[in-house]
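S.K.: So the protein lines, in turn, are chains S and E.
Numbering of the first sequence is given in my numbering, commencing with residue 54 and proceeding in unit increments.
Numbering of the second sequence is given in my numbering, commencing with residue 794 and proceeding in unit increments.
Keep in mind that the hints are not guaranteed to be accurate.
The calculated label-pair distances, taken between Cβ atoms and stated as ranges, are [to be verified]:
no., chain 1, residue 1, chain 2, residue 2, range
1, S, Gln-124, E, Lys-936, 15 to 21 Å
2, E, Leu-934, S, Ala-125, 30 to 36 Å
3, S, Val-142, E, Ser-803, 23 to 29 Å
4, S, Ala-125, E, Ser-872, 35 to 41 Å
5, S, Ile-115, E, Ala-882, 29 to 35 Å
Using 30 Å as the maximum straight-line C-alpha spacing, the simulated DSSO-like pairs for lysine-lysine come out as follows [unchecked claim]:
no., chain 1, residue 1, chain 2, residue 2
6, E, Lys-807, E, Lys-860
7, S, Lys-161, S, Lys-74
8, E, Lys-898, E, Lys-865
9, E, Lys-936, S, Lys-74
10, E, Lys-860, S, Lys-79
11, S, Lys-151, E, Lys-936
12, E, Lys-936, S, Lys-161
13, S, Lys-79, S, Lys-161
14, E, Lys-861, E, Lys-936
15, S, Lys-151, E, Lys-855
16, E, Lys-807, E, Lys-865
17, S, Lys-159, E, Lys-861
Hints are computed from structural coordinates only; laboratory data are not their basis.
All figures in this text were calculated on a predicted structure; none of them were measured in a lab.
Even for Gly, the Cβ is constructed at its ideal location relative to N, Cα and C.
Each chain is listed here by its residues.
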Amino acid sequence: MIIYLLCLMLFCCGLYCILVKRNIIKIILGIIIAEYAVNLFFILVAYRMEGRAPILSSEVEIVNMVDPLPQALVLTSIVIGLATTTLLVAIAMRIYEKYGTFDITKIKELKG
Amino acid sequence: MSKEHDAGMSLIVKVITRFTVGLILLYGIYIVLHGHISPGGGFAGGVIIALSFVNLMLAYGKDVALKKLPRKTISFFESTGALLFLSIALIGFFGGYFFLNFISKGEPFRLFSAGIVPFCNIAISLKVGAGLFAIFIALVLLKFDWEKKE
């Protein structure tokens with residue numbers, strides 16, 4: 054049970070970073086931390102006691118394996134996370150080009 | 794020293810990169826081709842293939858890396874990967890349904906087995922490898938307006 058709470062704490066660290074920080078780069082880092090906390094939570098839910106990786110092979114017979122479905126989900130989630138992070142970084146670079154700052158409180162002009 | 798060694802990092806990094814880049818690329822291809830019998834697969838192998846070119850670009854500068862893999866080639870490979878995956882899935886309609894495994898499955902745990910899965914892995918690795926390197930050069934070589942003027 055306590056590892057799930059630690060997972061929640063990691064997620065809250067990311068959420069704090071998103072809500073409080075003013076630098077865009079730090080906000081992006083917070084989004085990444087929150088996302089990875091959710092991924093870690095899925096992997097921990099799928100774990101069974103003394104389970105092994107769900108990969109069949111010809112030599113060894115695996116008695117109890119961990120649940121493979123959340124692992125496949127998390128693999129897809131990592132791919133989507135890569136794409137969204139790239140998009141966020143590109144938008145941050147464009148914001149820096151337009152306003153000359155990463156501070157979100159100094160971005161005031163609403164020009165299209 | 795020749796002219797292409799002016800840009801990039803120091804000599805030590807360049808020599809080590811020259812030895813390791815080929816091995817990294819080969820390891821990525823290995824991960825892709827063994828994707829259906831061991832951990833890994835199209836995405837992981839494609840990332841490793843892209844990282845080998847990223848490594849080359851970091852060590853030798855953009856000119857050498859873009860000479861090895863020009864932008865037109867990158868966009869060609871990326872489009873080819875997507876179209877190849879789609880066409881593999883659509884060929885299944887001739888036999889009945891989407892993603893039909895129309896090639897013989899072979900023996901389990903062998904390299905030449907599992908029907909269309911290795912071909913799907915190769916298509917995904919082309920898409921991911923070219924796409925990730927394209928993302929990298931798009932983020933690195935982006936020029937701002939005030940940089941162009943100077």
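S.K.: Is the Cα-Cα distance between Lys-860(E) and Lys-79(S) 30 Å or less?
M.R.: violated (35 Å)
S.K.: Mind checking the alpha carbons of Lys-861(E) and Lys-936(E) for me, to see if they're no more than 30 Å apart?
M.R.: holds (22 Å)
S.K.: Within a Cα-Cα threshold of 30 Å, do Lys-936(E) and Lys-161(S) meet the stated pairing?
M.R.: Holds - the C-alpha atoms of Lys-161(S) and Lys-936(E) are around 24 Å apart, at most 30 Å.
S.K.: Tell me if the straight-line CA distance from Lys-807(E) to Lys-865(E) falls inside 30 Å.
M.R.: holds (26 Å)
S.K.: Please check whether Val-142(S) and Ser-803(E) have a Cβ separation lying inside 23 to 29 Å.
M.R.: About 27 Å separates the Cβ atoms of Val-142(S) and Ser-803(E), which means 23 to 29 Å holds.
S.K.: Given the proposed pairing of Lys-161(S) with Lys-74(S), does the C-alpha separation stay at or below 30 Å?
M.R.: holds (17 Å)
S.K.: Could you grab the alpha-carbon distance between Lys-151(S) and Lys-855(E) and see if it respects the 30 Å cut-off?
M.R.: holds (26 Å)
S.K.: Hey, Lys-807(E) versus Lys-860(E), does the alpha-carbon distance stay inside 30 Å?
M.R.: holds (16 Å)
S.K.: Does the alpha-carbon distance linking Lys-936(E) and Lys-74(S) stay inside the 30 Å limit?
M.R.: holds (27 Å)
S.K.: Between Lys-898(E) and Lys-865(E), is the straight-line Cα distance small enough, at 30 Å or below?
M.R.: violated (36 Å)
S.K.: Range hint 35 to 41 Å: satisfied by the CB atoms of Ala-125(S) and Ser-872(E)?
M.R.: violated (27 Å)
S.K.: Assess, step by step, whether the Cα of Lys-151(S) is no farther than 30 Å from the Cα of Lys-936(E), and give holds or violated.
M.R.: holds (13 Å)
When each numbered hint is compared with the structure, violations occur for hints 1, 4, 8, 10 and 17.
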